[in-house]
Structure formats: structure tokens, C-alpha cells
Amino acid sequence: CTCAMCFTLICAGEENWVDSRTVYIGHKEPPPGAEAYIPQRFPDNRIVSSKYTFWNFVPKNLFEQFRRIANFYFLIIFLVQLIIDTPTSPITSGLPLFFVITVTAIKQGYEDWLRHKADNSINQCPVHIIQHGKVVRKQSRKLRVGDVVRVKEDETFPCDLILLSSSRDDGTCFVTTASLDGESSHKTYYAVQDTKAFNTEEEVDTLHATIECEQPQPDLYKFVGRINIYLDRDEPIARPLGSENLLLRGATLKNTECIYAVAIYTGMETKMALNYQSKSQKRSAVEKSMNAYLIVYLCILISKALINTVLKYVWQADPNRDEPWYNEKTETERQRHILIRAFTDFLAFMVLFNYIIPVSMYVTVEMQKFLGSYFITWDDEMFDEELGEGALVNTSDLNEELGQVEYVFTDKTGTLTENNMEFIECCVDGHVYVPHAICNGQIMPGAASMDMIDSSPGPGGREHEELFFRALCLCHTVQVKEEETVDGIKRGIHQGKATSVYISSSPDEVALVEGMKRLGFTYLRLKDSHMEIQNRDDEIERFELLEVLNFDSVRRRMSVIVKSSTGEYYLFCKGADSAVFPRVISGKVEQVRARVEHNAVEGLRTLCVAYKKLSPAEYEEVCHQLSSAKLALQDREKKLAEAYDSIERDFILLGATAVEDRLQDKAADTIESLHKAGMKVWVLTGDKMETAAATCYASKLFRRNTQILELTTKRTEEQNLHDVLFDLSRTVLRQHGSMTRETLSGLSNEYHDYGLIIDGATLSAVLKPSQEGSGGNYKEIFLEICRNCSAVLCCRMAPLQKAQIVKLIKASKEHPITLAIGDGANDVSMILEAHVGIGIMGKEGRQAARNSDYAIPKFKHLKKMLLVHGHYYYIRISELVQYFFYKNVCFIFPQFLYQFFCGFSQQPLYDTAYLTLYNISFTSLPILLYSLMEQHINMDILKRDPSLYRDIAKNSLLRWPIFIYWTFLGVFDAVVFFFGAFFLFDNTTFTSNGQMFGNWTFGTLVFTVLVFTVTLKLALDTHYWTWINHFVIWGSLLFYIIFSLLWGGIIWPFLNYQRMYYVFMQMLSSGPAWLSIILLVVVSLLPDVVKKVLCRALWPTTTERIQCKRQCLTTEQSTVFMLSQTSSSISF
Amino acid sequence: MMASSYNAKEEDGHHSGSVGPGGAGAVKSRKPDNTAFKQQRLPAWQPILTAGTVLPAFFVIGLIFIPIGIGLFVTSNNIKEFEIDYTGMDPDSPCNMCINSTTPCRCSIPFTLEQPFENNVFMYYGLSNFYQNHRRYVKSRDDSQLNGDKSSLLYPSKECEPYRTRNGLPVAPCGAIANSLFNDTLELIYYYPNKSSMSIPLVKTGIAWWTDTHVKFRNPGGNNNLTAAFKGTTKPENWQNPVYELDPTNPENNGFVNEDFIVWMRTAALPTFRKLYRIIQKKKDNLTPTLPPGNYTLEITYNYPVISFDGHKRMILSTISWMGGKNPFLGIAYITVGSVCFFLGVVLLIIHHKFGNRNNNADIPN
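Protein sequences appear in the order of chains A and B. All residue numbers for the first sequence refer to full-length UniProt numbering, where the first residue is 1 and numbers rise by one. All residue numbers for the second sequence refer to full-length UniProt numbering, where the first residue is 1 and numbers rise by one.
A couple of the hints might just be wrong.
[As the list claims (entries may be wrong)] In silico DSSO-like pairs for lysine-lysine, Cα to Cα no more than 30 Å straight-line:
hint, chain 1, residue 1, chain 2, residue 2
1, A, K329, B, K158
2, A, K1092, B, K354
3, B, K38, A, K666
[What the hints assert, rightly or not] Computed footprint of chain A on chain B; a stretch qualifies when at least three of its residues, placed anywhere within it, have a C-beta under 8 Å from a C-beta of chain A:
hint, stretch
4, 183 to 197
5, 303 to 316
It should be emphasised that the hints constitute simulated quantities derived from the structure, not laboratory data. None of these values were measured; they are calculated from a predicted model. Every residue, glycine too, gets a C-beta built ideally from N, C-alpha and C.
Construct all of the structure, not just a fragment, from the sequences and the given hints.
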């Protein structure tokens, strides 16, 4: 029969595929006449994850680095300094740039070196290839497509392979794909029936076959191909190949002695390599503000340079000013055209003031993010003992975004709930069965009995009951593992002697099979395509497993076709109620449906079970449909779906099951905290509405007084969508209007919030742009409703719809910051879409965690992640950004003022060394350490009081008024420094020996005041003084002094000027210099202190109140005491 | 970035692969250390700027600054300073005739000191509207030449252009600063009440920084035989004498270490500046003031042209205290800041009493 089938398939499969490759197993040509032998070229099996080679490192790395706009800007400045005569030597900007570029290059080079090393070790590890019937050792990178490879147990597959045969008789092998998707359960892979016999080297060598398959694509779970086996006859046998035949590179062979397989995708074409392409980069809101500020500063810079250039030429109009007798120009300078002179002057001013945009800011911000993210991974409270893992940071770019979240989109199953399923009850024809004495999955003695809630069913019911239990024992993809410890989902079942464990990728199935065990039907194993069940009478029943119609999320059901020992064919199906009920033709639908709905309201996950008997003829038909669909190379998915659809119909309903998925630890508490912190929490789930709503109530997303608005298919069937939407929006808006009045009158006790429930179908109707162009309107109304609801539940969502919702909210007019959290592969799209994506290291594999920006072990860790870490990082980075601009305004503005007193000649105020080192060393470490250590409020308070999170919402610390305040503070300080020194120097001496100081002393005085002021300003802003802060702040002041003493203490032989010689020491030897440094520092800091104190006293924020509450209690008494003392001393 | 994450995964895979059944040990090692630093729980001082904490600081600053300011102000007021503008712009001025003279021209300006000048008196010359801080000017020097480097003596730095070579010979000292050395000669004559006169002794040394005269500036080949040492160089264009004949009275004060020259070479910060010219040392007996009140004449050899750039030339006599010359700015600033702090302290005290309690009692939403 198979042969005939294959023949028809070949004919049917004569499609013309463009995107396919032909692999000749063992590089053997097909027999003449069958097909033309077209040797194809494929890449070798070398994995290249490194970016650079030894030769192209320097140019390529430099190119990449200078593609960053900031680096490019500094390069331009540097080149301008090299080309034209500028006030500062090229070293001042060259050195920092060089430093930044070198450090980055070294870091990237080191990473690349590690990659090279890893690549090499992978590429050179030995593989065993069958050549001419012998095993040959080769380096992995020399593996070619078509080679037959032997892999032994616990070895990793060197490339993507098609399984030919295994040492197991049934041609299967077990594989774990932990390193690919994190699923540590063992998965079974199958060899094609016709090749499984070739299980020695010699035999494999005689295999004559070709494989046609699609070109490599990154989807790990999709593969379509066809193997043509040339036996002695002319016509080759064609067999379909699917993902169950494909062993992926990176996966490991388990529990199988050895296998033979043929390489089809090698090197960079393997699915693993294709999957590690870089993700699109996310940018944080802070970074956007930073770029906006940069543009402002660039404008300031350009206008400063322009103003000075214009003034210079106005001032120089008098030739005696332009070129007095004591200061003549060279001949070449004189002959230069005025426009060129003006342009070079402009550039020179740009260079002089270019420090206002600091190179080091980028470095510091990056270091802060990189180092800061370690605190997340180190956090003990986010470590999960059970999992043995703490939080993971995949992108450190978004740390501060965690403090800005406004919308949280969470998955339900596995995120809010444990995804730790427990069988609760089943219902057969309306009779309810509850296995009792269950305690955390452990079976108590005597658990084999059961409670029957309902009266005992009649004889017909009895038959149905047995069939129901058998159906659940047979209709699944659970494997039995007879081992002590296996990773993944494990439940010990004591079978007398050996411990065996059920393993499955779906925890529901394990729960069901175990539930059945407790009800007396034990699934023993799958042996030789026969499933063995131990029934209540301890008899072993054997069913031949004929077909498995696997579960998928579109059909939401799965089926098996089995042949009982009596020769009857059965099709058992289990699936979601909505997927099964429409296909049922008989059975006690009403009773079961009622029970299902009741359970769903309780928050249980329900599945319906149905069956149908097949006659042998029907089975043949089914078999034919399936294999023709499976052999198709194009649209296989679609054809399979069609086949399934036609097979899975006309069921007889048996009953339903209910499985509980418990809420995660502290899920309700976390959601409540997020609410209090002003975040809107949306639950997006594929589950049905009742179950999801129950979970929402349990997790306090909806409270008792929440008024639920429904936007579901049920409602839109009654009214049309338009009316429903307008109804809802009217309700919400009226409430909103009355609320504002209430809040005004201060009596909002009656305040109750809204919760919205929407389902997938309605959502797509809302989002669908209609022809009349009113689609946009719907969207707006929908958003308006959502905005006024504190909680939204979206059920029956497809993975892509989840992403759509996130996108919709992201694009709404306030542009809120969104966070998506989920644990499964179906959440990946939304995790990638949201501003911040968080993955839960859950039971459904690692895909979510891998694609996320941050991964946490449990949902409850989100609280600390956002309320503590997010809050801290936001506070830290916003201070970092503001402070950086501030300190550079302070630094450069005196230079600008000085131009008015030096004839606009671009004379720098500070010495080159100071210009260079100001940002690199004198003021860099304190702010870096501040931005790593600062804790304005104790973390316990932050956790206890989520409302503090509102204080930093909407990027509040980086708004324009605050930015302008900082800038003006910088300008004020700069004016104080400059004019303080100016009046001190004004035409007088300030040494006790009458000697005069020059311009470099002037600059050094300004610079000293500057360094002290900006450092002390940071000290004033520091709320958390650890020894590290003390060390860095006082250390860098000390470093400045020591450096200055040293810099001026020696005639430096490599310098061509000695202008700083003894300048600093001479300055320190003068009393007035000391006095004026103290005075100017005090004056510069005064306004900020006063502003802070006044704001705190008159308009305190919640944060400040809480800080104060703690502080005032301790200091109150001492202050009053001090005051009474001071006032008494004044009166004397 | 892609590749690094790829490697991490690779490692991860091997890791979990190798752990297998005995994974307990490896699991433990992944647990983060519970150190105070890693948990961000380092012991820390957590100060907060509130009206209460800042108040005492304000009062203290006020109380310290006001006395300092008063002290500074009084000191500054006790300093005696006398200034004459001898530019000669005024047609009545005795030096008016020298303005357009091309040859060395002498003029004398009589003046009267009302009060005695005690202790050492410092004589400055002041220039205004003279941009010594112009960039082209500031950099027009060669510090290694001035430090006695022989090769720089003969091949001065490019920065000295256009004052680098003259008539094919290197200029020593080169550059615009050296070329424009102030070359007026100022002398003081005191008229005793009995009309007899006495030239006041002016000390030429000790006017430049010690480190400058001894380390930064050095003659090529030491101080002996400067003529030979400067052989092969030429004097700056505007100079009357070569560098080794700057001070005919004191052979030690010649060449690059000439103190007048060094003082000039320290470029001033602002376009109006003064430079120390001479020191009038106090009398040995300590009984008579250094400069008793009475009639004096300032004798000027007028060489330095300033009219072209609207400049002015002044001669200043000043006594010095520990805080330098007369400068009321610092004292006034201290008094002002001290008072402002005190005033703010009072304001804050009021605020603290009015609002402080309210804040403490305010309900803090939990």
C-alpha cells in the first residue's frame, strides 16, 4: 500500500519549487535517468559569529564607531583642529576621542576574540563521518552538506541533520533542545520508515537517496522536505520529511546510543545560526531626551561661535585693534581672504567651545548602563531557588525605561499563573468525578479511589465513562521516562519498582494523564507503536497508535487515531470547548457545556473530550488524506489544516476536564502595587473569557467594585459594533466627568473604576480599517475607553494580536511607555514590540526569555524590577544626563565670557591639560559612581509605597523646565566663577610680595572654583553616601590638587610650552585666592541649595515628604538645639 | 552584539547539557553572592537638605563671612595707593610733547603724597587697552629658548612668527611678547621740605617669581659671558639693546633672566593690567616712612607708544598687606554673601516653623 501511495504522491508533488535544494546522501549520484545530478554548492560548516578578522578589525571597527553621530562629531572637531590654527591643540579633543575609541575597540576586540575562540572550538571539534563504509574523524568545519554523520549519546549535533536511522529499533531518538529554546524535556524524533534499517556504517553507506528540501529558514519548528530512496527498482520511494525528522544544530542526543543522519544545512545556514540574528534596537525615552538636549546644545554652540565671530569682526574694524604694533600678523595671515579668515575663526570658536557637548557623557552613560545592570542580575530577592536562576539582563540600554512604564501587558498562563497544572475534576456526560486526597501533586495512600458526586450512571454511562478515561490516556503526546531525575516537568509515580515520570511540552497533558492515573487508568508506555494502559482491574490494554493529529494553537485541539486490541478504530479528540462543541453531533452537550462554563468561571482550564469510531474504510481514507498532505512540499501547513478539518468532525461528546492553574506567588500583590504605582495593567491571553476573567478577579486586577465593560462577540452580535462602542464610551466619559467634579469637591468616596473585557474577534473588528474610513474613528473611541479603564482584559488573542494591541497603545497620542511580560513563545511578538520586554523563565521554554530585554524567574519579581530598580535607574540616569550638561556649561561658559576680554581672539581660559582632563578624570568618577550607587529613598520604602513611582512618571526629571533650570544654574555658576575671578584680578595684585599673576593663574583660579563647585554640587545631590561615594568625591578633588601640583611642579621636557610652571602653587600661596575660592564656591552653590530647601518646604513631592519623614524625626531635636544656640549668640 | 548573545546561549546549552542529573552544585554557584554591595545595601549616610538641616549652616556661614569681610575691607582700606596717568593725552600734561617724538624723550610729572607710605612700597606700571591676552600674542614665545635651550636659541619655534627671524638671524628672545617689552624708564625724585631733592632708590630684583628667574628662565650656557652665548642671534626689532645688555648696572640681571623681562613675559589676564616695576624698600631705621608725605617728581623716559591703540600708561605706588594690594571687592563680597546667608537663614527659620510641622504631620499615603 505504501508503494502505491508513494507513487501517487510523486505525481501529485510535481510542483516546481524554486526555493529548494537537493542533497545527495553520501554524495552519491542518483541512478542514471532518475534525475539529473546537479552538484550544488553549499557553505561549509564553519560557524562565524565573529564580526572581524585580524585584517579588517581596524578599518571595520573604526568605521562602525564613527557611524555613531557623536563620535563622528568629535572626529570632525579633531580634524578641524589638525587642519586650521585653533586655540587648543588637537590633543585636547584627540586624546579623549582616542581614549573612547580605543576603549570601545578593545572591548569589542576582546569580545570578538572570545567569539573567535568559541567559533574555533566549535569549528574544530571532531565529528564522525561515514565515508566508504568507514567512520572518519573530521573537524566540524569540514563537514559538508550530504555527509552522513554518526552522533553518539550526549553529543551535540554539528549541523542540521535529517535522521536516517538510530540504534533504537523503532528508528526514534530522543533529543533535548535546551540550548535552542530552553525546553529541557526530551523530544522524540523519527527516522523515515524506509531508512531506519540502515543502522551500521556499512549499511548506511549503501543507502542511495536524495533529499529535496526547502532553503534554510529561521523558524525552528518548521521544515518541509522529501526524501527519495533509490532501492533496486527504478522508481524511487518518496517519503515526506517534517520537523520531526530534522535534528537541529545545538540540540543534544539523549537516551539513544547512536544515530546516523545526513547533513542538510551547514554552518551559517543552520537554523540556530539564522536565529541569532540581531534584534532591532530599542531606544529609551531618556536617550531621546538626551538627543533633544544635545541638539539644543549644538544650537547653543553654533550660536555662541557665530556671535563671537561677528563680534570679533565688528571689534576688529579698527586696524589698530586688529593688528596693533605689538602684535602683528604674519604675511600669509594678512593675505588670506576675509571670508576664509571669518570661516576659520568660526571653526576655531567651535573648537574652543566644543567641550559643551561632552564626549565622555556617552562613555559614562554606557558604562553606567552596563555596570548598573549587574545590580539586577545580582539581586538576591529576584533569585528563584526552585529554578536556580536570578534575573537576566539581555539589554542594558533600557534600565531606566523600567522606571517609566505606564502600561503593563501581561500574559496570563505561566505569567500570572504558575503553569503548574493540577487535575481538579472531570465530567462525563454531566456526571462529575473528583479525585480526592491530592496534596501538591503528591498522591496520598489510597488515592486510587474516587468520589462520585453525581448519582452513579447507568450502563450506557458506564461505557462512556470508561471510554472517556481511555480517551484521556491515549490522546496526548506524553512520554514516560524511567529515570530518577529529569529536568523539566516531573512528577514521581510509584509503579511498584521503578520511578517513572511523565514528560510533555504541555503541562496540561501531564496533569490530565496523572489525573487519569488517580482515577484508576494508568498510561504505562508507548512500545512498538502500541500504547499500554493499565486499567482499574490492573489489566493491561494495548492500543495501536496509528496517527497523531498534533495540537496547534489555531485548531486548539488534538486528536489520535488508535486501533484497539479488538480491531476497532477510534479517533479521540480533546480540545478547547469552542473548538470541539461545533464538531459534536451527539452526546450530552448541554450538561457538559454547563459544567464547562461553571468551571471556567471558577478560573479552571477546561478541555472537552470527544470521540468517533472509524470503520476500516474510513480509516484508509483518513490515512490517505493525511499522508498526501504531509508529503506536499508547498503549503503543507495549509493542506494539513484542511485534512485535519475534514477528519475531525462528527464527534460524539464524552465529557470535559478541568485543570487548575494556580496563581503565581504574590501575583495579586504585584498587580495591586503596579496599579498603585499608576500603571495600567492589561491581561492578554489566548484563554477563554470566563477563565481569564476569573484569574483577573483572583489576581485583583478586577476588584469587587470594578464595573466590567464587555466588548465581546456576544455583545456585538446583539448590537452592532458601532453602537456598542459609543455606548461604552458614553458610560466611561460620564463617569470621568462626574469624577472630576467629585475630586474637585473632594468627595470621591464613591469612586469606582472600570474594567474592560474585549475578545480577539471584536478587537480585530475594531482595528480593521473599514471602507468608509470610520475605522480610525473606532480606534480612537476604543483608545478613549481604554484610557479610562484601570484594567483591561483581552482574551482569545492570537500571538500577533497581542503585538497589535501593544503597538496600538504605543502609537496612541500620549506615546506611553509600554512593558510586555510573558513566558511563552506566543508572547515573543509582544515582548519584541513593547518598549520593554520582560520574559519569564517559565515552563513553556526559553523563547520568551531569550527574546526579552530582561528575564525574571517569577511574575512577582516584576515589582522589585520596576518599583525599585527601574526607579533607581531612572533617578540615576536623569541626574547623570542633567549633571553632565550642567558641568559642561559651567566649564565652557567662562571661556565664552573671556572672549569679550581678550579681543575675541579665541584665547582659551584654561590650560590644555585642564581642558583635556576635566571631563575624563577630574569630574568623571563621582558622577559615574553616583549614577551607580544613588538611592534617594530606601528600597524597602520604594517597595512598600508604590505611589512613589508616580513621582517620576512621564519622564518628569528630564522635562524641559528642569533642563532649563539646570542650564541656567550652569550659566549662573559660570558667571560667578568668571566675574569673581575677574574682579579679584581687576587691576590689582593679590600676593603679599607685590608680584603679579598672569592669565594662566586667572584660568587656574576659575578652573579650581569650577572643579570644586561641580563636585560639591554633586555631593549636595547625593542622598546615599557609602564609603565609595566618599572615596570618589573627595578622592577626585584630591586628585585634582595633586595633579595640578605635579603638572606645575616640573618643567615637562616634552612640552613646548611651560605656561603652567608653578602657577598653581603660586596661586595657593596667596591668601585672597583661597578666600575667593571659598567665596565663589559658596556663592555658586547657594541658589541651588535655597531652591531645593524652599521647594521641599513649600511644595514637597511625595518622595521628599517620605525622605523628610524619616529624616526629621532624627534631626528635629538637634536642629532646634542648634538654633537656640545660634540665636543666643547673635543676640550677644 | 548578536554574536555575543549567541555565544552566551551556546555556553548555556553546554552548561545545562553537562549538568544533567548532578545539577545541584552548579545551581548553587549561580546564586548571586549576598554581599552588601551587590544587594545595594552598603551602609550609608543619608543626608537630606531640609530647611532644618540647612539653617545652621546658613547662620554659620553668615557668622563667619561677615567678620572676614569686614576684616578684608578694613585691610583693603588701610592700603595706600597712588596712581598717575602719564600717557600725556591731555595737552597740558608734561608728557604731551613726547607722544609723537621718535627719539627718546624725557618728561617729568610732579605729584604730592598726602599720606606717608609705610613699609615696602611697590611701584607698578599699568597699561590699559593692551591685549596681552590676545591669542596670537600669548602663544608668540618659545619657552624652550627662554629656558636656555641652545638649539631653540638658534632655531626658535614657529609660534614666534613674524618675530622669529630678522635679517636672516634668529631673534633672541623671539616672539611678539618679547618684542613689545615695556621700555619706559621711571624714576622717582623726592623733594625735601627744604627744596633739596633726592632720587629714591628703586630695587630692580625680586619683582618676578622666584621660580621664573631661577628655573623657567635660563640663559644659554649659564650666566657667564652672555655676549658669546647669544652669538649668532639678533635682538628683537623694537629693542634698543640686545638681551644681554638689558641691565647695565647688574651683570646678574641680564639675558633671559632679566627680571623686567620676566615680568613682562608673564602675560596679563585682562587688557587693563599692571606689572610690578620696582620695589622701594623700607628704611633701615623703621622710624621714617618709606615714602614720607611731600612733593615728588616722576621722571619718565618716554619710549613706549600706546596712543595708536588708545592705550594709557600709569605709574602706581602701593603698599601691600597680607592680602595684596588695594581691592575692596573681596571684602564687600564677603560681607554681602554673609549677610545674604544670614538673611536666608532667617527666612528659612520662618518657613521651617510655619511649614516644617505641617509636613511632618501631613498624611503620607501608604
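Exercise. Where does the structure disagree with the numbered hints, that is, which hint numbers, in rising order?
Worked result: The structure breaks only hint 4.
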